[in-house]
Every structure is written in C-alpha cells, then in structure tokens.
Amino acid sequence: MPALQMNDVRKVYGSGEQAVVALDHASLTVGDDELVALVGPSGSGKTTLLSIAGGLLGPTEGTVLVGPHAVHDYDRRELTRFRREFVGFVFQGANLVPFLTARENMLIASEIAGGSRKHAARRADQLLEELGLAHRAGNVPGKLSGGEKQRVAIGRALMNEPELVLFDEPTSALDSALGEQVMELIRREVKGRGTAAIVVTHDTRMTHVADRTVEIRDGRLAA
Amino acid sequence: MRLGWRELVRRPGRFVVAGGALTLIVVLLLLLGGLLDGLYKGSTGAFRSQSADVIVYAEESRNSLVRSRVEPGTLERIGEVEGVDEVSGLGVVLIGGLPQDGARSVDLAVFGYESPNLRVPAPPAPGLGYADRTLETDGVEVGDTIVVGPARVPVEIVGWVEDTRLLFQAGLWVEPGTWHRILETSRPDAALPEGTFQAALVGTDADPASVAAAIEREVPGTSALTIAEAIATLPGVAAQQETFVQIITVTFVVAGLVVALFFALLVLERLGLYGVLKAVGASSRQVAAGLVTQAVLVALGAFVVGGAVAVGLSFVIPEEVPVDLQVRRAVVTAVGLVATALLGSAISFRKIIRIDPASAVGGS
Numbered sequence: 158m159p160a161l162q163m164n165d166v167r168k169v170y171g172s173g174e175q176a177v178v179a180l181d182h183a184s185l186t187v188g189d190d191e192l193v194a195l196v197g198p199s200g201s202g203k204t205t206l207l208s209i210a211g212g213l214l215g216p217t218e219g220t221v222l223v224g225p226h227a228v229h230d231y232d233r234r235e236l237t238r239f240r241r242e243f244v245g246f247v248f249q250g251a252n253l254v255p256f257l258t259a260r261e262n263m264l265i266a267s268e269i270a271g272g273s274r275k276h277a278a279r280r281a282d283q284l285l286e287e288l289g290l291a292h293r294a295g296n297v298p299g300k301l302s303g304g305e306k307q308r309v310a311i312g313r314a315l316m317n318e319p320e321l322v323l324f325d326e327p328t329s330a331l332d333s334a335l336g337e338q339v340m341e342l343i344r345r346e347v348k349g350r351g352t353a354a355i356v357v358t359h360d361t362r363m364t365h366v367a368d369r370t371v372e373i374r375d376g377r378l379a380a
Numbered sequence: 020m021r022l023g024w025r026e027l028v029r030r031p032g033r034f035v036v037a038g039g040a041l042t043l044i045v046v047l048l049l050l051l052g053g054l055l056d057g058l059y060k061g062s063t064g065a066f067r068s069q070s071a072d073v074i075v076y077a078e079e080s081r082n083s084l085v086r087s088r089v090e091p092g093t094l095e096r097i098g099e100v101e102g103v104d105e106v107s108g109l110g111v112v113l114i115g116g117l118p119q120d121g122a123r124s125v126d127l128a129v130f131g132y133e134s135p136n137l138r139v140p141a142p143p144a145p146g147l148g149y150a151d152r153t154l155e156t157d158g159v160e161v162g163d164t165i166v167v168g169p170a171r172v173p174v175e176i177v178g179w180v181e182d183t184r185l186l187f188q189a190g191l192w193v194e195p196g197t198w199h200r201i202l203e204t205s206r207p208d209a210a211l212p213e214g215t216f217q218a219a220l221v222g223t224d225a226d227p228a229s230v231a232a233a234i235e236r237e238v239p240g241t242s243a244l245t246i247a248e249a250i251a252t253l254p255g256v257a258a259q260q261e262t263f264v265q266i267i268t269v270t271f272v273v274a275g276l277v278v279a280l281f282f283a284l285l286v287l288e289r290l291g292l293y294g295v296l297k298a299v300g301a302s303s304r305q306v307a308a309g310l311v312t313q314a315v316l317v318a319l320g321a322f323v324v325g326g327a328v329a330v331g332l333s334f335v336i337p338e339e340v341p342v343d344l345q346v347r348r349a350v351v352t353a354v355g356l357v358a359t360a361l362l363g364s365a366i367s368f369r370k371i372i373r374i375d376p377a378s379a380v381g382g383s
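As you go down the protein sequences, you meet chains A and B in turn.
Per my numbering, the very first residue in the first sequence carries number 158; after that it's consecutive.
Per my numbering, the very first residue in the second sequence carries number 20; after that it's consecutive.
Same shape as in the complex, but just chain A (with noise of 0.2 Å):
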C-alpha cells in the first residue's frame, strides 16, 4: 500500500470572483519508502499540497489516502489525531520550542501524542545519538547552529514513528554546504527507517538526493 495517494484533489481558497485555485486536479503517490522531492516556484502550490497531505487543510475536492487513512474524510478532531500519530513536520526554520532543549523539544512530540516517558526517553536519545547531537541534547535552540536546529526538528518529526514526513523548506535558511548535509541526512533518516517523505524545495540543486523529482506549477503537477 503506498504511503500516499492523493488523488484528482483541489483546493480552492476563497468563493466567486474571489476564488483561488491553489491545486488544480493534482494526483501524487508516494511509495512506503519513497522520498520524493517537490519542486516548483512561489505560489505554486507546494505548500497547499504539504498541508493537505499531512491533514493541516481538506481538499475541496478529491481524495487522499495517507496509507489505510481517508484523510479527506477526517474532521477537525480527526486530523488532530491523525497528525500526532501518523505524519512528522520539519517547517521552513527549524520551529522549535525556544526554551526547551534539544532533547525535550523531541520528547514534546510524544508528550502531544500522551505516549509512554520511559519509550520517549529512549526513542529521543536513540535518535540525538543517531543525529549526531547527543552532547547538544541539553541546549536551547538559541545555543544551537542552524543545522543543529534543523536535526533537532527532524528528531521530533521522527520521534512517533509516522508513515509521512513532510519537509516544507528544510534548507531554506542554510547555506549551500550545511543544507546539501541537511538533505544528507533527511536522505539516510527516511530511507534506514523505510518511511515515505516529500521534500519541498525551490532548491533544485538539493533534489539530488530524492528517489523522485516532482514538479507543481501554477497547482498543476508535472512528473
């Protein structure tokens, strides 16, 4: 089962003359250990498609299918749930928490979800280990470089085990070497963990790294 399947799915923001198509009959799929990368100019629809994949906004039309999941169908609540348990965010700058530690803005992901502290525990210091930030695991954002920050941000999108993770600009804010690292890393995280991921990028020089380059324009996508 792919890990998901978007398919004929609009968005329309606004009504009449004031209407906005943001997607325009777009249909992606993503295999259960894919990582596709989505590429395309500003306004193009990259994030609208983002956020109806991980369940942040509804399709106005269409469906899509996060694994087993009829996401298009889920209400507020629903997606509340859906998000905590089965997609992981890393948002253009890191977003962290700024006065939590590297280590409890990983647990914060868990403690969301109401999981188990003994498993978050391990899970969050199995995956400083892995990230290479375990001697940083004590610091706040603010005493962390910017690709420190971003680790730590792909920490806690890892932290529930999701079968989606969605990167909207991961690199953004990096210079070209520490964001080529980046996506490195985004590359062996996903791929040793056999999770599908879409990578948003206006960033073409880092598509490299992705098993598939999509392009969207104007809400159309292009393969």
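Worth flagging that the hints you see were computed from the coordinates, not collected in a lab.
Don't take every hint at face value.
Straight-line C-alpha distance at most 35 Å; calculated DSBU-like pairs for lysine-lysine [as the list claims (entries may be wrong)]: (1) Lys348(A) - Lys300(A); (2) Lys370(B) - Lys275(A); (3) Lys275(A) - Lys348(A); (4) Lys300(A) - Lys275(A); (5) Lys370(B) - Lys300(A).
Starting from the known structure of chain A, fit chain B onto it as the hints suggest.
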C-alpha cells in the same frame, strides 16, 4: 501541559509584569479584607459573643439598643411565647471611664446583663466587672478600678473577656444594679427603673426566625431580630460591609482584566509557536491547558508573595487602623484569585481555538 510549567520556570522574567501587578492586587485585597474584618470585629463583638438566638427591642426604638426600653412585664410575656426557652435582660451605656492611673480616659460600652454568654461569665458582684482585653493596651490591669462616667462610679476589673467591643468601645460587663447606677448618673433622662432593660435576649432550640416572628406577633410593641439581623442593624455595619464588598469585587474584576490582557498579549506573541504545536498534533485543549496552568501558577505565586507583603505591612500599620488578617479571608482571596485567573485566561481560548495549524507551514 508541562510546556506551560517549563516556560514559567525557565523564563520567569516574562511573567514578572503580570505577577507584579497581581501581587499588588493581592496586597490590596488582603488589606481591604483585613480592614473589613477588623471593622466588623470591633463594631460587633458584644453581639457576636451572645449565646442567645434572638434579641428583642421596643418597636419604637427602630432596633437601636440605646433607644430601646423593655419593661419587666414585657420580659415575662416574651418568656411565655412558645419556643422561647430562656429570657434575660441586656442594657448598654456608651460612656467614658478613667483607669486607676488616671493617665487618659478610655471609651467604654458598659453592659448590664443577667446571663452569661459565649465569652462573658455570669454577672459578678455589684461594683465589679469583666473588661474587654483591648483595655490592656490602655494600661488597665486586672484588679484595677475604673471610675465610670461623670459620677465616677467605681468598677473593679475582675477578669478579661475577649472580643466583646461595641462600635469600637471596649465592653465592660457588670451586673444590672451597677449598670442602672451608671446609666442614671450619666444620662438621667434615660434612667430606667430596676428590672427594666433595653433589650431581651432569648434562647431557643427552635428556628430563631420563627421564634422572633412569634414574639412580635404575641407581644405587641416589640421588634424581635435574630442575632445576625441585629448585627446588620448596628449603626454603620451594613454600610461598611457593602462598601468594602463592592471595593473588593471591583478589585477582583481588575485582577481578572490584568490576567486577561496579559495572556491575550502572550497568545498573540505565541501564535507561531501555537501554530507549530497544533500542526504536530496538539489539540486546542492541550494548548489552552498550558495557558491556564501558567495563569493559575502566576496567580498563586502572586498570592504567596502578596500574602507575605500584607502580613509584613500589618505589623507596621498603626494600631488605630483596625486591620485583622484572617486565614478564612486569605483562603477566600486565594480561591477568588485562582477563579479570576481561570476566567481571565479563558478569554484567550477563542483565539487559541482559531489558530490554524496550517499557518505553521505558511503560505496557505
């Protein structure tokens, strides 16, 4: 949510403004409450000390002890009313007295009474009296003699009694004969014959309000009140209570506004953070719980600091200011403050619910 607690512990500076404002409000609330309780205590002790359930005045006195006059026959008829178990006479004269050392006069409420009450033993022998312990601050000691009124009637203090003041005048409790003598020599126009008092105190095992109604019905010319009602009719007491309760209520409202405004601003500042938390699966309830945790803890912290400041201030406030800090009042203030903090922070719930998790990825 532990997130709220962690922010509070790690970034206490962010909460200093709200905490400081609430601390000042707590000090104000406790001192206002203390003043209210102090005024109430000083005005009503003699009535609160009564073990009787009902007090009966002459109807034309408009429920004023000093204006009332209850004849022996009336006392007898009151005793015959169904439900009345015990009747005794009570009278008072508000007057000055000069302690033994003669340094300065003291204000007295000299009570003539027939039966012991909760704090005053049975009447002593003629010429002797139990005095309210507040006279100790005027240098009076047990065994001293106070000369009372213009006729300088001597009363020897044979013991202290606690919390028996009336309208801030120290209670001096004497047997009826001594009281009659003080009354007729100080206010000849108000002199009463022996056996006549200003009020009748009634003890009952039945419902006091029903017994009071029965007395008024069956003994014409009387006005019978429960002790609580009688306290409320004391000059100034009800007005004082009402005024202070209103000031305290407004102060609680101000506390609520401080909390509401502070946390509304905090939520605005954290829209991005809350958007991220909601995007990774936090429910609005979880986010709001963190906010409420912070509001309640800030309020409790303010209560602890404000309470300590109020207690400290109570030691330096001049004795003439009747501030009486009571545990009961402190508990009510703490509960009120927490409730106010809950309500104040609840104002931000709508904003939290409306935060779109999709805002975390921007662009949408």
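(message) Please verify whether Lys300(A) and Lys275(A) have alpha carbons no more than 35 Å apart.
(response) holds (26 Å)
(message) For a C-alpha distance cap of 35 Å, please report whether Lys275(A) and Lys348(A) respect it.
(response) Status holds; Cα separation ~26 Å.
(message) Next pair to validate is Lys348(A) with Lys300(A); report whether the Cα-Cα distance is within 35 Å.
(response) Between Lys348(A) and Lys300(A) the Cα gap is close to 29 Å, so the pair holds against 35 Å.
(message) Need the status of pair Lys370(B), Lys275(A): alpha-carbon distance at most 35 Å?
(response) holds (34 Å)
(message) Checking one constraint from the list: CA of Lys370(B) to CA of Lys300(A), max 35 Å. Satisfied?
(response) holds (31 Å)
This entry satisfies every hint, going by the numbered hints stated previously.
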